[in-house]
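So the sequences go chain by chain: S and H.
Numbering of the first sequence is given in full-length UniProt numbering, commencing with residue 1 and proceeding in unit increments.
Numbering of the second sequence is given in full-length UniProt numbering, commencing with residue 1 and proceeding in unit increments.
No lab work stands behind these hints, which were simulated from the structure alone.
Where hints are given, some of them may not hold.
Remember, identical chains collapse to one label, so a pair may be satisfied in a single copy or spanning two.
20 Å max Cα-Cα, derived EDC-like pairs, lysine to aspartate or glutamate [what the hints assert, rightly or not]: (1) Lys22 - Glu4; (2) Lys14 - Glu4; (3) Lys14 - Asp61; (4) Lys50 - Asp61; (5) Lys22 - Asp67; (6) Lys22 - Asp56; (7) Lys57 - Asp71.
This structure is a prediction, so every number in the text was calculated from the model and none was measured.
Protein chains: 2
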Amino acid sequence: MPSELEIAMESLIKVFHRYASKEGRSGTLSRRELRELMENELTNFLRSQKDPAAVDKIMRDLDTNGDGQVDFEEFVSLVVGLSIACDLRLLFCCVGLKP
Amino acid sequence: MPSELEIAMESLIKVFHRYASKEGRSGTLSRRELRELMENELTNFLRSQKDPAAVDKIMRDLDTNGDGQVDFEEFVSLVVGLSIACDLRLLFCCVGLKP
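Working from the sequences, and respecting the hints, build out all of it.
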């Protein structure tokens, strides 16, 4: 029986490949695939950005090797950044501070 | 309803804090807390290391600020590394290569 952490790691891989395999190279996210992933999997985060160009900016930030695609390692850095931001927000809420 | 990716991110935060709050500083993992987390949440990975000092080595690698503790950001880098390794292994299996 996989642990909660193993299930979470498996989800990161599954979600990435679910969208990365929709068009073009199957192991990377195109701009359109990244947009679709974010609209479906990070709806609240995307909405909170209040910036129509948010996906394009995030694409530029993530695409560290400049190939116009987002590979799994680049994708996971987005997940890490968001998780750390969420963790900090939780911490602020616990100690009654405004993040 | 949270998405699969949001649930996975939440799990990373919950699992970390479940173990980090057991002793000492509640926002970081001590060596003992890291060992317990790995023994319970990454059992197969730990067993595959076949090295009794594996946790100590991983602790040294993760503790980038040298405070003898592993904070959430340092912990997530372990999860990223393992996820990328798993993703590569999946890739090798798909194309019939030995990792």
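Okay, which hints does this one fail, numbers in order?
3
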